[in-house]
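Here are the chains, one letter per residue:
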Amino acid sequence: MSSTNPSTPVLQLDGVCVTFYPGTPNARTALDNFNLSLHNGEFTVVIGSNGAGKSTMLNVISGAVAPDRGKVFLEGKDVTQMPVHKRAAYIGRVFQDPMLGTAPALSIEENLALASRRGLRRGFSLALNGDNRRRFSDILKPFGLGLDTRMGAQAGRLSGGQRQVLALLMASMRKPRLLLLDEHTAALDPGTAELVMQATRRIIEEDELSALMITHNMQQAVDVGNRLLALNAGRIHLDLDSQAKAGLTVDDLIQRFGTLSDRQLLHA
Amino acid sequence: MDTLQLFWNLVPVTLVQGLIYALVALAIMIPFRVLSVPDLSSEGVFPLGACVAVALIAAGWNPVLATVAAMLAGFLAGMATALIHLKFKVHSLLAGILTVTMLWSVNLRVLGKPNAPLFGFDTIYDWVSDQILANITMQIVFFAVLAVVILLFLWWLLQTDLGLGLRGIGANPHLAPALGVGLVAYTTGGLGLASSISGLAGALMAQLQGYADVGMGVGMLVNGLASVIIGEAITGRSSLFRQIAAPIVGAVVYYQLSSLALALGLNPSDLKLVTGVFVLVTIGWPYLVGRKVSGTGL
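These protein sequence lines are chains A and B, in that order. Numbered as in our numbering, the first sequence ends at 302 without a single skipped number. Numbered as in our numbering, the second sequence ends at 569 without a single skipped number.
Since the hints were derived computationally from the structure, they do not count as laboratory data. Some hints could be false.
Within a straight-line C-alpha distance of at most 27 Å, the following computed DSS-like cross-link-like pairs (lysine-lysine) qualify [unchecked claim]:
| # | chain 1 | residue 1 | chain 2 | residue 2 |
| --- | --- | --- | --- | --- |
| 1 | A | K120 | B | K360 |
| 2 | A | K120 | B | K384 |
| 3 | A | K120 | A | K209 |
| 4 | A | K111 | A | K175 |
| 5 | A | K209 | A | K175 |
| 6 | A | K105 | A | K209 |
| 7 | B | K384 | A | K105 |
Per the computed footprint, the stretches of chain B lying under chain A, defined by three or more beta-carbons under 8 Å from a beta-carbon of chain A, are [to be verified]:
| # | region |
| --- | --- |
| 8 | 404-417 |
| 9 | 431-443 |
A virtual CB, placed ideally from N, CA and C, is assigned to each residue, including glycine.
Work the whole structure out from these sequences, hints included.
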């Protein structure tokens, strides 16, 4: 993406409304006249109870869900009508399910090669060659998981944690304008979750990425990021900037936010 | 020994047959294994290629151009199947059946009648050599070289960024759009490519046998599936090259086995049942011997 005016928000949601099953008894308003501006370098943690609208918000941003009303802007450009694969040029996304973020039948290096063309035209040059194999090996080495020595192994053979690390690398390797993290450590054991979280922080810091991270883990919400959004019933309940967020404890958060879910209590 | 003699005499002709139908097997394998979008429309696309080629040659077209046109017609048919599947949210198997059904009428229109001969017209083989139509060895070489060329082309294509995008859709259709791979464009292109190979096979067969018949495709789906399954059992699927080679190897073997079965006295009308049973046994063998089978089935 060419350089834009630094004051243009990376992401803007204007009056976004999403209702599932409208006009039926199951009708559920997921996002209610939702407004959000995310600026360059903001690493925003998003919390909220189930049904608060967090995943729907990410889906509206990525294009997986079309809003009933309202607009989505990426770097000042109206992308509301843009399909997922075109928006992918701006966005890197890591899903909660480790199975969804990598292609299991393809090898580690093929997955990385696929991800390395996000946002670029795919043509007839060979996807893998000496140069990019070296690059991929260098990207994988720092994680100490030995993935760089088994780049020809099928991604489906890796453990959930390894796949999630790979998914994170795939989503972030081309410095996306916006990184969307959808509870990406929730399905991992505590040790692996910590590893992935550290990797996430390192990547975001080093590449100065803008990111939106959904989490149910209150400790993560407090430790990570420079902005905090708490969602409730499709609206923003709480929006803390880096100053307000610094020094927050989990107890503070629970007190200020009020509504609790069982998962949040368990992680507190 | 009479039966074996009969089989042996037919081996070269059956080899040519197997090599042409290997292209149809490839056309079945690509959507099925590479894109994970099964497309069974070869029963309609193979005769489409034949009818287009014969109709154009009879109208005075250069046979090479007529064959290319047959491939284009196949490409369009593949596109139609893909669009029916994607835009109308119809399962790809049903989309393929719809395409075959509609092609029945299209083929009749294209040819003008149920079958048409090619007497007195130059075919693509006349461009290759004077003697090839009479010389079975030359035919075997021609079709073997063609099969190898297509094999190498596909092997190269599927290793390019574009080809990796296709394989990405097959491996994880959820992830592919998130990495910028447009499902509609790639699926349409992939199914179009596969069907163009079917169309090519039809055009080559029609010019070899000297006529096109709208019913030429009937039953070839099962033969093609059997070819893919047998081929995969022989070569395995451990590498991209093996996966692409499988339908070719399988078709050659399958048609020889059919020929052998017929020579041994199998009633031709029982051939389909035996083929079906053979495919089931080949797929089901791991389950029958109690081996653990990972991933989804066929």
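Exercise. Quickly compare the C-alpha distance for A:K209 and A:K175 to 27 Å and report which way the hint goes.
Key: 18 Å, holds
Quiz item: Within 27 Å, alpha carbon to alpha carbon, are A:K105 and A:K209?
Solution: Given that 27 Å is the threshold and the Cα spacing comes to 24 Å, the pair holds.
Quiz item: Does the alpha-carbon distance linking A:K120 and B:K360 stay inside the 27 Å limit?
Solution: 21 Å, holds
Quiz item: If you look at each residue in the region 404-417 of chain B, do at least three have a Cβ nearer than 8 Å to any Cβ of chain A?
Solution: It is violated, with 0 qualifying residues against the three required.
Exercise. Quickly compare the C-alpha distance for A:K120 and A:K209 to 27 Å and report which way the hint goes.
Key: The hint holds at about 16 Å.
Quiz item: Is the hinted pair A:K120 and B:K384 satisfied, with a Cα-Cα distance of at most 27 Å?
Solution: Violated: A:K120 and B:K384 sit about 46 Å apart, past 27 Å.
Quiz item: Checking C-beta pairs, does the region 431-443 of chain B have three or more residues closer than 8 Å to chain A?
Solution: Coverage by chain A holds for the region 431-443 of chain B (11 residues, Cβ < 8 Å).
Exercise. Given the hint that A:K111 pairs with A:K175, test it: the Cα-Cα distance must not exceed 27 Å.
Key: 37 Å, violated
Quiz item: Is the hinted pair B:K384 and A:K105 satisfied, with a Cα-Cα distance of at most 27 Å?
Solution: 56 Å, violated
Violated hints for the displayed structure, listed by number in ascending order: 2, 4, 7, 8.
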